[in-house]
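J.: With the hints as your guide, set chain B onto chain A.
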Amino acid sequence: AQTVTQSQPEMSVQEAETVTLSCTYDTSENNYYLFWYKQPPSRQMILVIRQEAYKQQNATENRFSVNFQKAAKSFSLKISDSQLGDTAMYFCAFQGGSGAGSYQLTFGKGTKLSVIP
Amino acid sequence: DTGVSQNPRHKITKRGQNVTFRCDPISEHNRLYWYRQTLGQGPEFLTYFQNEAQLEKSRLLSDRFSAERPKGSFSTLEIQRTEQGDSAMYLCASTTSPGGALGELFFGEGSRLTVL
Numbered sequence: 001a002q003t004v005t006q007s008q009p010e011m012s013v014q015e016a017e018t019v020t021l022s023c024t025y026d027t028s029e030n031n032y033y034l035f036w037y038k039q040p041p042s043r044q045m046i047l048v049i050r051q052e053a054y055k056q057q058n059a060t061e062n063r064f065s066v067n068f069q070k071a072a073k074s075f076s077l078k079i080s081d082s083q084l085g086d087t088a089m090y091f092c093a094f095q096g097g098s099g100a101g102s103y104q105l106t107f108g109k110g111t112k113l114s115v116i117p
Numbered sequence: 001d002t003g004v005s006q007n008p009r010h011k012i013t014k015r016g017q018n019v020t021f022r023c024d025p026i027s028e029h030n031r032l033y034w035y036r037q038t039l040g041q042g043p044e045f046l047t048y049f050q051n052e053a054q055l056e057k058s059r060l061l062s063d064r065f066s067a068e069r070p071k072g073s074f075s076t077l078e079i080q081r082t083e084q085g086d087s088a089m090y091l092c093a094s095t096t097s098p099g100g101a102l103g104e105l106f107f108g109e110g111s112r113l114t115v116l
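Chains as they are written, first to last, in the numbering used here: chain A, 1 to 117; chain B, 1 to 116.
If you are wondering where the hints come from, they were derived from the structure by calculation, not from laboratory data. From a predicted model like this one, the values you see are computed outputs, not experimental measurements. Keep in mind that a hint or two might mislead.
[Claimed, not checked] Taking lysine-lysine pairs in the BS3-like style, the calculated list, with each CA pair at most 30 angstroms apart, reads:
#1 A:Lys73 x B:Lys57
#2 B:Lys11 x A:Lys112
#3 A:Lys109 x B:Lys14
#4 B:Lys11 x B:Lys57
#5 A:Lys78 x A:Lys55
#6 A:Lys109 x B:Lys57
#7 A:Lys78 x A:Lys112
#8 A:Lys112 x A:Lys73
#9 A:Lys109 x A:Lys55
#10 B:Lys57 x B:Lys14
#11 B:Lys71 x B:Lys11
#12 A:Lys109 x B:Lys71
#13 A:Lys109 x A:Lys73
#14 A:Lys70 x A:Lys55
#15 A:Lys78 x A:Lys109
One chain only, chain A, in its complex shape (with noise of 0.2 angstroms):
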């Protein structure tokens, strides 16, 4: 079975600062899929950005980036430019390639970010 582990419970940054939050996994496949999504306090969990394990090339979308280390199962998020709407839970999340783990995401326990004024 596949593992996500997220081994920050909680980070802050400053507003405008740069941050990265952390994600590693844990799978025998070579074709899966990874995400981070965010859930704000009291709302719906929204995808952020997404990677395919095929593609060698980083995903961006705007002040999120991500670092994919395919040989070390290693995902972390960065979020440029910090701002307050920031402040929320990261969830990394892991789909696999093929079988029963495709038709699912298993998520980290994820890590609450708070960004200060």
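T.: Just chain B now, with coordinates in the frame of chain A:
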């Protein structure tokens, strides 16, 4: 609002009672998921539907839990004989069914269950 809608948002019940949660997905989405999220944890997969067919169930889904999606539209999640360990946020999500990647999951705001 055309997002995923969940009702009720909060349910308080006594141990042993039955509860039912409803999820209305985004209308054109044929895949619907239920996840459970406890305090300090990420969401855990419970079950999913493609149209009206329930295709996979987690072993977390004991025989006290049942989910349905009649006609492939809204879904209900029923918990019978609730236990205090059932206290959690129950999240519903929907998506389309592409050939490869899961695609973006659109989540509802969740239904929080408190079992006294």
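J.: Run every hint past the structure and note whether it holds.
T.: Hints, one by one, checked against the model:
1. A:Lys73 x B:Lys57: holds (27 angstroms)
2. B:Lys11 x A:Lys112: holds (26 angstroms)
3. A:Lys109 x B:Lys14: Distance ~28 angstroms between Lys109 (chain A) and Lys14 (chain B) Cα, so the pair holds.
4. B:Lys11 x B:Lys57: With Cα atoms ~23 angstroms apart, Lys11 (chain B) and Lys57 (chain B) stay inside 30 angstroms; holds.
5. A:Lys78 x A:Lys55: holds (18 angstroms)
6. A:Lys109 x B:Lys57: Holds. Lys109 (chain A) to Lys57 (chain B) sits at ~21 angstroms (cutoff 30 angstroms).
7. A:Lys78 x A:Lys112: holds (14 angstroms)
8. A:Lys112 x A:Lys73: Holds, at roughly 22 angstroms.
9. A:Lys109 x A:Lys55: holds (26 angstroms)
10. B:Lys57 x B:Lys14: Between Lys57 (chain B) and Lys14 (chain B) the Cα gap is close to 26 angstroms, so the pair holds against 30 angstroms.
11. B:Lys71 x B:Lys11: holds (26 angstroms)
12. A:Lys109 x B:Lys71: violated (34 angstroms)
13. A:Lys109 x A:Lys73: holds (17 angstroms)
14. A:Lys70 x A:Lys55: Holds: Lys70 (chain A) and Lys55 (chain A) sit about 10 angstroms apart, inside 30 angstroms.
15. A:Lys78 x A:Lys109: holds (18 angstroms)
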